Amino acid sequence: MQLEITNRPASSVARVRLQQGESLTCEVGAMIAMSPHLVVETSSAKKGGGGGLVAGLKRLVAGENFFLNHFTAQAADQELILGPGLLGDIVQHRLESGHLVVQGSSWLASDPGIQVDATFQGIGKALFSGESIFWVKCSGRGDVLLSSFGAIYEVEVDGEYIVDTGHIVAYEDTLQFQMDRASKSLIGSFLGGEGLVCRFKGRGKLYCQSHNPPSFGQALGPLLTARAD
Amino acid sequence: MVSGSTFQGGLFSDDVLGKRAGATLRLGAYGIEAETLHGQSFSLPYDECQLEVGGASGRMVFCHGPHRTLTLFCEDPAFLPALAHAGHGRLLGQVTRLTQDARRERTQSLLRGLLALLVLVLVGYGAYRGFAYATSHSVEALPIAIDEQVGKLAMESMPLEGPKVTDPVLVQAVDELVSRLKPHAGGTPMTFEVTIVDAPIVNAYCLPGGKIVLFTGLLKAAKAPEQVAGVLAHEMAHATLRHGIKRIANSLGLIAGVNLLLGDTSGLVAVAVELAQHGLLTSHDREQETASDVEAVRMMAAAGLAPTALADFFALLEKDGAEVPGAIAWLASHPQLADRQQEIRQRSEKLGAFQPRALTQDWEQVSRHAKQPGLQDSKP
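Heads up: the protein sequence lines correspond to chains E and H, in order.
Per my numbering, the very first residue in the first sequence carries number 1; after that it's consecutive.
Per my numbering, the very first residue in the second sequence carries number 1001; after that it's consecutive.
No lab work stands behind these hints: they were computed from the structure.
It is possible that part of the hints are untrue.
For lysine to aspartate or glutamate, the following EDC-like pairs were computed, each having C-alpha atoms within a straight-line distance of at most 20 Å [to be verified]:
(1) E:Lys205 <-> H:Asp1014
(2) E:Lys205 <-> H:Glu1052
(3) H:Lys1182 <-> H:Glu1193
(4) E:Lys205 <-> H:Glu1343
(5) H:Lys1019 <-> E:Glu96
(6) H:Lys1019 <-> E:Glu154
(7) H:Lys1319 <-> H:Glu1287
(8) H:Lys1371 <-> H:Glu1075
(9) E:Lys201 <-> E:Glu154
(10) H:Lys1223 <-> H:Asp1362
(11) E:Lys201 <-> H:Glu1052
(12) H:Lys1152 <-> H:Glu1274
Bear in mind that the values here come from a model prediction, so they are computed numbers and not experimental data.
If we strip away everything but chain E, and leave its shape as in the complex, we get (with noise of 0.2 Å):
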């Protein structure tokens, strides 16, 4: 398999190209053009088994779709064009050992042996983390495709590292984070603008995106008109 991406990082696209017998995991309608000898099977356990129904009520409550499309090439040099569902950036990450922890929705595609699963990370963190109560569990070996709203920017995180609120994408199982005030004063926090954060500890790879759609349906909001019934 061979990936380019391009057009980053407002309007990236992932162009893989997949030879006979090669496949690919995709989110739900996140297939934008592919070449003719591309077929797709459409469920809701890994390619070739694995999860089922359990999984993908996980990858439900997680922000994900029920349902995985697995693409396979019939031919050589297959296409296959990706994108995400916003205006956003598209990362690669390779996963070697251990599991990658995506924020809901921001998994986009992997390799067929990378297992999408979901996770939960405590009340405190779904409460005030700006993320999904559920977050996305990438275990196995292969690519993981990642996607975000605005750009995303990678971190290597070794010793403490701090992100706002919804602007996490994934980060690896050696990071542990927790929700803590932006400053020594939970007041000046709120003042500030920050209000509670998240505070990454340990050692490994940190993905942030520039934006989140909760900011920007705020900012957004207020501008639109009524509509007219």
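Once you have looked at the hints, place chain H on chain E.
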């Protein structure tokens, strides 16, 4: 026994591509040996090992080498206990400390979670009660015309359970009772309109705005006109205290409730019709029933009627409930009769003496007509 145990994990090192690699960890006699998926080998002596617990799950064990140039990690739950016994217990102290820290952290985390949940529940409950209080009290500011509109619509939506009675004996008898009580009704003056329905049901109900439905079954069951007056006073009090409209306000959804607070009553009327169709508009909670009893006692005494008559009627139903046909309707919609009798009698005593003024109606005649509306009396 532990030496030689293997676990799947990973490592951080500047010597591997991407600085992170998956690895198989083996607990040797003197240290942890790691072999990456690409065949690179690393070793970390137990004596140089600094343990830490963390990661996304909070259960990943990290073994740091000097200056953290090599870090091994594993999430297998058996890894930490195995480390405690590896290398003749060299790491036992660190493992014990980490285990205690992890247990304390889990307990604190659980308590924080429960506290957050409790706060959420309390805030939610407080918001619900506050909203219910605001909508309920916003009703006080609405004009009586809204009650009348709601009552009229509800009356049209509810089945009457029997034909309307036009027998002048019954109509005049009930009119006399209402006329006696009406000047003493509290709140904003309203028009009370009683519809007598011929049905063997011992019950009466009042819709918002003062529309009262009285069944002939109740007239038959009552032993004195004062008892019927007591029931009518109780039902009139539901209207003057605006219990029906408050009941509707409490049943409003969030949007209709907010609209009501902003002065839009369309949702209120729609819910009233819905409740009326399901027979829920005339059922009141214990607090409202007690408030109506108290108001009825006051009205009866002011009208020169024995205020304990309502309690007498309750006693009658309680004693002969099983033998009075249709009494179950009253018992179902007016629970806790014994407590309420006591309350009525206590309130009546507190009011002290009242000036009784007799009613002019012939109760025996009324009872006969209640059994057979439209009866032609043999003597005038």
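Hints broken by the structure, by number, lowest first?
4, 7 and 8
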